[in-house]
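**Q** Below are the chains, spelled out letter by letter.
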Amino acid sequence: MKLRVQLQCKNLHEYLKELSPEILDRLYNHPATCLAVYRELPSLAKNYVMRMLFLDQPLPQAAVALWVKKDSQKDHDECVSVLAGLRLWHSQQLQGGLQGYILNPVFKDNLRTALLGGGRAWADEGSTLGPDRHARDIESLDRYAMERWEIILQFMVGSPSAVSQDLAQLLVQAGLMKSEAGEAPYITSAGFQFLLLDTASQLWYFTLQYLKTAQSRGMDLVEILSFLFQLSFSSLGRDYSVEGMSESLLTFLQHLREFGLVFQRKRKSRRYYPTRLAITLAAGVASSSSSSNLASSPGTGDAGFIVVETNYRIYAYTNSELQIALVALFSEMLYRFPNVVVAQLTRESVQQAIANGITAQQVLLHWTPVLPPTITDQIRLWELERDRLQFTEGVLYNQFLSQADFEVLRDRAQGLGCLVWQDVAHRVMVVTPQGHSEVKRFWKRQRSHTI
Amino acid sequence: MSLMPNNAPCTPVSAQFTLSKCMDAVMVMGNAHMAMARTNKLAVIASHCQGSHFLYPSKSWSGEDGGGNDVSSSGDGKYELLSAANNLIVEEIRNIMSKIEVTGNSTDTLLAGSLAKALCYIHRLTKELEVGQEIKSRILVVKAAEDCALQYMNFMNVIFAAQKQNILIDACVLDSDSGLLQQACDITGGLYMKIPQKVALAQYLLWVFLPDSEQRSQLVLPPPAHVDYRAACFCHRNLIEIGYVCSVCLSIFCNFSPICTTCETAFKIQLPQIVKPKKKKLKQPM
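Going down the list, the sequences are from chains Z and P.
Numbered according to the UniProt record's numbering, the first sequence spans residues 1 to 451.
Numbered according to the UniProt record's numbering, the second sequence spans residues 1 to 286.
If you're looking for bench data, these hints aren't it; they were derived computationally from the structure.
Note that the structure is a prediction, hence the values are computed from the model and not measured.
Idealized CB from N, CA, C, for every residue including glycine.
Take these hints with a grain of salt, some might be off.
To be verified - Quick list of in silico lysine-lysine cross-link-like pairs, BS3-like style, CA-CA up to 25 Å:
hint	chain 1	residue 1	chain 2	residue 2
1	P	Lys99	P	Lys21
2	P	Lys136	Z	Lys69
3	P	Lys164	P	Lys127
4	P	Lys164	P	Lys41
5	P	Lys194	Z	Lys69
6	P	Lys41	P	Lys21
What the hints assert, rightly or not - Partial chain Z-side listing against chain P, Cβ under 10 Å, derived:
hint	residue
7	Ser72
8	Leu116
9	Gly118
10	Arg238
Stated by the list, open to error - Which bits of chain Z does chain P cover? Going by a derived footprint, with three or more residues having C-beta under 8 Å, they are:
hint	stretch
11	33-46
12	57-71
With these hints in hand, go ahead and build the complete structure from the sequences.
**A** This is how it looks when you write it as structure tokens:
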């Protein structure tokens with residue numbers, strides 16, 4: 001049985017917990033990061049942080065425990081562990097000897113700055129550059145972002161598209177594609193699952209992979225992360241200046257340009273526009289998506305729609321190569337017209353998709369929230385069919401001359417713990433390959449005794 | 001969340017606590033609310049003796065997307081959206097303070113009207129959502145002015161409308177207790193609190209009024225106050241305990257009147273029977 005590799009999409013907190021404490025403290029030195037981390041906390045923890053934000057002295061732990069009602073004690077404990085895991089608050093001993101909590105001072109100061117003001121500006125707002133003669137409006141930014149992101153996805157599916165070496169390498173390192181020596185990379189089962197995620201999760205997964213390789217490229221992780229969070233809080237449609245950005249940040253900006261997160265007219269332009277993808281990056285961190293403009297299916301320039309019939313036919317009204325390739329993943333294509341693609345869901349196609357690592361759940365939920373119940377049930381049945389039979393290797397013993405022989409050997413095999421299956425009526429038994437040599441030796445000894 | 005600072009222009013304020021400090025606390029609360037989640041929205045309405053006015057979002061502001069060009073940047077570490085909002089609020093308050101003239105010595109504010117405006121705004125936002133999305137709203141009233149009995153009817157109508165829409169009304173009272181707001185909070189399920197120390201307004205706002213209804217069920221918060229449920233009569237607006245109720249429209253009066261002023265139904269009251277003296281037949285002398 002093949003093992004299915006599940007795509008692990010970590011959320012922001014899990015990622016941060018893996019970082020070392022020094023890096024975390026440096027990260028919290030930027031208001032944008034603090035705000036992003038704050039937004040990801042469970043709601044009760046947010047209230048705790050807000051309450052302690054303006055206190056300069058530690059609060060006794062007993063007092064904090066009294067903040068919740070008795071029924072919500074579990075939530076309280078969860079919040080305490082989350083806050084401690086992210087190093088947002090420390091235990092400190094109070095004057096009376098009791099244990100108290102105090103917020104991480106770096107985090108506290110920077111969150112206060114984000115809320116109330118003061119401190120350095122996050123980025124130069126571009127006001128020194130004057131109005132942009134080639135200003136882009138929001139629709140063109142959206143289109144640009146979706147175009148670039150689709151090019152990447154199409155590259156994964158195998159349609160020829162121009163993607164830089166760097167990006168191809170990143171995809172291979174992320175495990176989404178595999179490349180044989182000298183050949184073009186092709187998609188893996190993890191890559192299939194990636195394609196079925198919604199855009200925000202895809203973005204976030206991709207960014208995480210990029211961050212992992214960042215250190216090997218010689219970039220400063222803290223700088224990059226802070227810039228990323230700052231981007232996610234910027235307003236759509238405004239341009240920002242590249243003033244004051246270091247070399248590694250500029251390289252990062254170019255990569256972002258390729259992913260479609262940022263628009264820059266030319267490589268040397270001094271201003272850049274964040275696109276909607278960048279702003280929803282932080283939204284992809286949590287599993288609930290907020291922006292309604294990004295369709296849940298992987299980006300398409302023109303909106304299409306899909307009809308799934310109860311006779312297992314699929315009609316996909318779309319022109320996008322990507323959508324068509326995705327439909328072809330788990331169904332058999334029947335006809336293709338300029339604006340429609342007709343496909344059929346068959347047992348073989350669905351089981352092949354499942355063999356590639358896509359679960360029936362993903363297949364169903366990806367396209368429409370509402371499917372005919374016959375289809376959903378049948379896909380589940382086909383999935384379960386694969387698990388109906390379980391194969392175990394073994395060695396068959398049959399044609400025993402007498403019942404007594406059979407029983408003796410069977411008891412011996414059972415004693416050794418390698419008996420897999422037996423049929424007393426037909427005097428047939430199956431032994432595991434490992435136990436086979438031992439049983440064979442025993443049988444030979446037995447025969448030499450009796451004869 | 002809609003915030004409603006409610007301050008009559010001639011309310012006496014103590015030396016330590018001024019309108020600007022109150023607005024600072026309110027803005028901190030608004031910032032904290034918007035920082036909590038990307039989808040949180042905020043509206044601030046100022047209520048004064050001559051009307052109510054939206055401080056944020058104001059008419060001159062073009063909206064979230066693409067409106068960045070005319071908004072000045074903060075120039076410091078504050079989150080852009082928050083600094084834009086704060087600047088707008090400050091500007092609008094300045095406009096109001098310069099425009100309204102204080103005539104007379106009224107200490108009443110048009111609170112019912114402001115609440116109605118807030119409800120309309122929330123209603124509009126709910127209508128603008130996509131299918132299947134929900135928004136949970138609440139209104140916080142920060143009140144320093146006195147209660148006005150004249151607004152009783154409008155106020156009660158607004159409260160019942162809020163209850164129907166499942167909108168919580170919270171009240172943070174600075175000076176004197178307000179029976180109307182107590183009733184509002186009790187009916188809609190919000191929190192009523194009279195602040196003992198005005199200087200700590202920001203802390204009370206953040207600790208008590210920031211959590212939303214889900215989180216409130218988990219946290220330990222001040223218990224509800226005893227509510228004065230006496231109704232006000234329709235003729236004098238006095239609070240009465242026993243009165244006359246019209247059986248048609250259920251309006252309350254303190255004195256009997258033959259015609260109900262609201263629905264103009266005529267009522268006859270049964271007067272005690274006047275016994276007519278029987279004419280005695282004069283006996284004829286024989």
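**Q** Look at each hint and say if it fits the structure.
**A** Results for each hint:
As the CA atoms of P/Lys99 and P/Lys21 are separated by approximately 21 Å, the hinted pair is consistent with the 25 Å bound. Note on P/Lys136 and Z/Lys69: the hinted pairing holds, with a Cα-Cα distance of about 23 Å set against a maximum of 25 Å. Of the pairs offered as hints, the one joining P/Lys164 and P/Lys127 holds, with about 16 Å between alpha carbons and a cut-off of 25 Å not exceeded. Taking the CA atoms of P/Lys164 and P/Lys41, the gap is near 21 Å; set against the 25 Å cutoff, the hint holds.
The suggested pairing of P/Lys194 with Z/Lys69 holds, with an alpha-carbon distance near 22 Å, which does not exceed 25 Å. Proximity of P/Lys41 to P/Lys21 is assessed by CA-CA distance (about 23 Å); at most 25 Å being required, the pair is judged to hold. Hint status for Z/Ser72: holds, given a least beta-carbon distance of 4 Å to chain P, under 10 Å. The criterion of a C-beta within 10 Å of any C-beta in chain P is met by Z/Leu116, whose closest approach is roughly 7 Å, and the hint holds.
Because the smallest distance between the Cβ of Z/Gly118 and any Cβ of chain P comes to about 6 Å, under 10 Å, the interface hint for this residue holds. Interface restraint check for Z/Arg238: the shortest CB-CB distance to chain P comes to about 4 Å, inside 10 Å, so the restraint holds. Counting residues of the stretch 33-46 of chain Z whose CB lies closer than 8 Å to any CB of chain P gives 6, which reaches the minimum of 3, so the coverage claim holds. Counting residues of the stretch 57-71 of chain Z whose CB lies closer than 8 Å to any CB of chain P gives 5, so the stated coverage by that chain holds, three being the minimum.
Checked against the numbered hints above, the structure breaks none of them.
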